[in-house]
Amino acid sequence: MSTTSLLVIAILILATLGYFLASKRAISTAGGDRRKLHSLPVYYGSNAAMFTAIPALGVLLIWLLAQPMLVERNVLSTIPDKLIPEGSSIGLVMSDVRRVADGLEVVISLGTMSQSETLRLDTEQTDIRALLAGVGAAIGSDVQPEVLEAAQNYRAQTKTGQLWMVLIIAPLALIGFALSVLAAKATFRARNTVERGILALLVLAASLAILTTIGIVFSMLFESINFFKLHPWTDFFFGGSWAPNFRGDSDLSILPLLWGTIYISIIALIVAVPVGLFAAIYLSEYAGPRVRAFAKPLLEILAGIPTIVYGLFALLTVGPALVRVFGRGEEGLLGLEWMSGATAVLTAGLVMGIMLIPFVSSLSDDIMNAVPQSLRDGSLGLGATPSETIRQVVLPAALPGIVGAVLLAASRAIGETMIVVLGAGAIAKFSANPLEAMTTITTRIVSQLTGDTDFASPETLVAFALGLTLFVLTLGLNVIALYIVRKYREQYD
Amino acid sequence: MNDKNIMESHMGTTAIKISARDVQVYYGDNYAIKDVSIDIEDKTVTAFIGPSGCGKSTFLRCLNRMNDTIDICKVTGSIRIDDEDIYDRRVDPVQLRAKVGMVFQKPNPFPKSIYDNVAYGPRIHGLAQNKADLDDIVESALRRGAIWNEVKDRLQSPGTGLSGGQQQRLCIARAVATEPEVLLMDEPCSALDPIATAQVEELIDELRQSFSVVIVTHSMQQAARVSQKTAFFHLGNMVEYGETGQIFTTPQDPRTESYITGRIG
Numbered sequence: 001m002s003t004t005s006l007l008v009i010a011i012l013i014l015a016t017l018g019y020f021l022a023s024k025r026a027i028s029t030a031g032g033d034r035r036k037l038h039s040l041p042v043y044y045g046s047n048a049a050m051f052t053a054i055p056a057l058g059v060l061l062i063w064l065l066a067q068p069m070l071v072e073r074n075v076l077s078t079i080p081d082k083l084i085p086e087g088s089s090i091g092l093v094m095s096d097v098r099r100v101a102d103g104l105e106v107v108i109s110l111g112t113m114s115q116s117e118t119l120r121l122d123t124e125q126t127d128i129r130a131l132l133a134g135v136g137a138a139i140g141s142d143v144q145p146e147v148l149e150a151a152q153n154y155r156a157q158t159k160t161g162q163l164w165m166v167l168i169i170a171p172l173a174l175i176g177f178a179l180s181v182l183a184a185k186a187t188f189r190a191r192n193t194v195e196r197g198i199l200a201l202l203v204l205a206a207s208l209a210i211l212t213t214i215g216i217v218f219s220m221l222f223e224s225i226n227f228f229k230l231h232p233w234t235d236f237f238f239g240g241s242w243a244p245n246f247r248g249d250s251d252l253s254i255l256p257l258l259w260g261t262i263y264i265s266i267i268a269l270i271v272a273v274p275v276g277l278f279a280a281i282y283l284s285e286y287a288g289p290r291v292r293a294f295a296k297p298l299l300e301i302l303a304g305i306p307t308i309v310y311g312l313f314a315l316l317t318v319g320p321a322l323v324r325v326f327g328r329g330e331e332g333l334l335g336l337e338w339m340s341g342a343t344a345v346l347t348a349g350l351v352m353g354i355m356l357i358p359f360v361s362s363l364s365d366d367i368m369n370a371v372p373q374s375l376r377d378g379s380l381g382l383g384a385t386p387s388e389t390i391r392q393v394v395l396p397a398a399l400p401g402i403v404g405a406v407l408l409a410a411s412r413a414i415g416e417t418m419i420v421v422l423g424a425g426a427i428a429k430f431s432a433n434p435l436e437a438m439t440t441i442t443t444r445i446v447s448q449l450t451g452d453t454d455f456a457s458p459e460t461l462v463a464f465a466l467g468l469t470l471f472v473l474t475l476g477l478n479v480i481a482l483y484i485v486r487k488y489r490e491q492y493d
Numbered sequence: 001m002n003d004k005n006i007m008e009s010h011m012g013t014t015a016i017k018i019s020a021r022d023v024q025v026y027y028g029d030n031y032a033i034k035d036v037s038i039d040i041e042d043k044t045v046t047a048f049i050g051p052s053g054c055g056k057s058t059f060l061r062c063l064n065r066m067n068d069t070i071d072i073c074k075v076t077g078s079i080r081i082d083d084e085d086i087y088d089r090r091v092d093p094v095q096l097r098a099k100v101g102m103v104f105q106k107p108n109p110f111p112k113s114i115y116d117n118v119a120y121g122p123r124i125h126g127l128a129q130n131k132a133d134l135d136d137i138v139e140s141a142l143r144r145g146a147i148w149n150e151v152k153d154r155l156q157s158p159g160t161g162l163s164g165g166q167q168q169r170l171c172i173a174r175a176v177a178t179e180p181e182v183l184l185m186d187e188p189c190s191a192l193d194p195i196a197t198a199q200v201e202e203l204i205d206e207l208r209q210s211f212s213v214v215i216v217t218h219s220m221q222q223a224a225r226v227s228q229k230t231a232f233f234h235l236g237n238m239v240e241y242g243e244t245g246q247i248f249t250t251p252q253d254p255r256t257e258s259y260i261t262g263r264i265g
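Protein sequences, first through last, are from chains A and B. Using the working numbering, you'd call the opening residue of the first sequence number 1 and step up by one each time. Using the working numbering, you'd call the opening residue of the second sequence number 1 and step up by one each time.
Hints are supplied without guarantee of correctness; some may be wrong.
Claimed, not checked - BS3-like cross-link-like pairs, simulated, lysine-lysine; straight-line CA separation at most 30 Å:
#1 A:K185 <-> A:K36
#2 B:K99 <-> B:K34
#3 A:K487 <-> B:K112
#4 B:K74 <-> A:K296
#5 B:K34 <-> B:K106
#6 B:K106 <-> B:K43
#7 B:K112 <-> B:K99
#8 A:K487 <-> B:K106
#9 A:K185 <-> A:K24
#10 B:K152 <-> A:K487
#11 A:K82 <-> A:K159
#12 B:K99 <-> B:K152
As the list claims (entries may be wrong) - Chain B residues, not near chain A, derived (Cβ > 10 Å throughout):
#13 A132
#14 S140
#15 R154
#16 Q156
#17 T197
#18 F248
Simulated from the structure, these hints should not be mistaken for lab results. Cβ atoms here follow ideal geometry from the backbone N, Cα and C, with glycine treated the same way.
Please take these sequences and the hints and turn them into a complete structure.
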């Protein structure tokens, strides 16, 4: 068992011990009378467990993240430049070093060699590659003496690091344990301390989500900057064609893709907004409680279908059905030759629209339910019919919220991937014909990054620039939508 | 004594506007109104008083069939307005509500301009021939709602931006604009401050010239101030109905006396 897992188990045992000791001690300082305690015994225990485990585990986590990086940096500086073969990088050499080092640890743990024997290894006398292959660690080429030396260095430093880790973290846990158990007296405000700990946990969770977003933006940003170093930004934003090829003179313009994205999204919204809105009006204004209890969850099942299933539906059902109507010449239903393949803007748009229906209807339904009943009563009391009431009072009152819902749906449509991958086709072009295949930003990101790719060419890096643009686009829509929805929410408070 | 005779003889000349017989209302399993029979006179303010949950608002809502909007509510018995049974199959509740206007407890202006709030009913019922006609209707309704002078310069600003008392008078003007024959008011002053209450009460007194007004109120002082007839409801029964002065000075039923002297509530 590794040092780290032993350490974690030790900390957890200590924390459990602290829990029982602290609650017992708290009761005994109160003379056995629970009512004299400031907090329930459980809080004294939790407080002790918290102070024993959390600082120690936190430092351990940071240590585990930081140590390999530091060791690697130290070892890297010892690797001579001549070791790096033509066309390779220092990263590849380093991964060899790591593999040799890990392999030697395995050799020891299997008992093939002792610790001191591995330290005396020499490339001249032992075939290290064969030795390591024997324990399941595959090395690409014969191990050079410098690599072996670096690996030994790596092992030594890792070992020292682990020793220090134990030497620092074990006392930390013990100090936390001792202090918190000693503090567990009747007057100690354990409840407040534990609740502050919980608050810290909540803050951590919230900031984690925000930090992740920032991290995503930055990773996209750096790759996009790399892309714009290799490819003119004027072509990306203002060029007219998308024609990647791996000879290096690609046209990589976002505009044809953006056109496809927007065109498909608009068709999707044309489908989803009226259907979703009408469904919402029926559910919130007309349906009785029994119909509502049955129909609303059923409609929301649509929202739970994985988008790849919608994609299959587009490819296998909707696309061929559209071809039967608009294509096939004499054999088709209308005798037209307008549509040749199942993948088309209309196919993807229709299916995406179906996907968005529950999204629009569910949000609009909530928004219409938020319109106060007193407004409906007022309108009905003036002799308006339910329909007039909906058209002239409920919908206008709910309109900002509905607009917000539609914008949220639009941003989902723009970011949707699987339906367009399967349903929209792969041809980037400007065309107003909805029966032609077109492509979107998301499908191009998928196709540029799948398969055998080299992460240094503009043809691959363009995916990040596309992704960033998409992100900015949907973020903008979401911000506007949320702003509108929030403004509307305040209206009735 | 003399005053009372004059009043009674005056009352005697007015016609019966609403006549309810043996009205029962059930909310699901809850028996909310039991055997209520009442004759409400035209051009009179009739007050319904009684403790909370006694059914006075429920009965009021029967008079314009607002209870139809509640699924579990069932009404039996007969309610006749101008000798026409309003629960008859041939009666369209929507038409009925145009004739029997309603003002609610909480001011509920639509999130529209002041003008559109008042023009709402006339537009729906096609009361105006043209824009100028509609302008006249809106102005006269706002005048009768005693709010014209306060809002005449900002007819296009939202009705929700007015103060509570102004909103309630706007709602009254809105109800008046459809030219109803009966005006039902469900605790119209309970959300208002004393000054706004006084304004609305004054307004109710003026409205009596043109309509039969039925008002539900928790305030006995208010009932005494604005109404000519008072009905006391208790636990779903109408206990006593008569001249306001008589109800408050010489109630016939011991329950009425207990209520107005504050012993039950």
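Do the hints match the structure? See the list:
no.: 1; hint: A:K185 <-> A:K36; result: holds (10 Å)
no.: 2; hint: B:K99 <-> B:K34; result: holds (26 Å)
no.: 3; hint: A:K487 <-> B:K112; result: holds (16 Å)
no.: 4; hint: B:K74 <-> A:K296; result: holds (27 Å)
no.: 5; hint: B:K34 <-> B:K106; result: holds (27 Å)
no.: 6; hint: B:K106 <-> B:K43; result: holds (25 Å)
no.: 7; hint: B:K112 <-> B:K99; result: holds (23 Å)
no.: 8; hint: A:K487 <-> B:K106; result: holds (23 Å)
no.: 9; hint: A:K185 <-> A:K24; result: holds (10 Å)
no.: 10; hint: B:K152 <-> A:K487; result: holds (28 Å)
no.: 11; hint: A:K82 <-> A:K159; result: holds (28 Å)
no.: 12; hint: B:K99 <-> B:K152; result: holds (27 Å)
no.: 13; hint: A132; result: holds (22 Å)
no.: 14; hint: S140; result: holds (16 Å)
no.: 15; hint: R154; result: holds (19 Å)
no.: 16; hint: Q156; result: holds (15 Å)
no.: 17; hint: T197; result: holds (19 Å)
no.: 18; hint: F248; result: holds (30 Å)
In terms of the numbered hints stated before, the structure departs from none.
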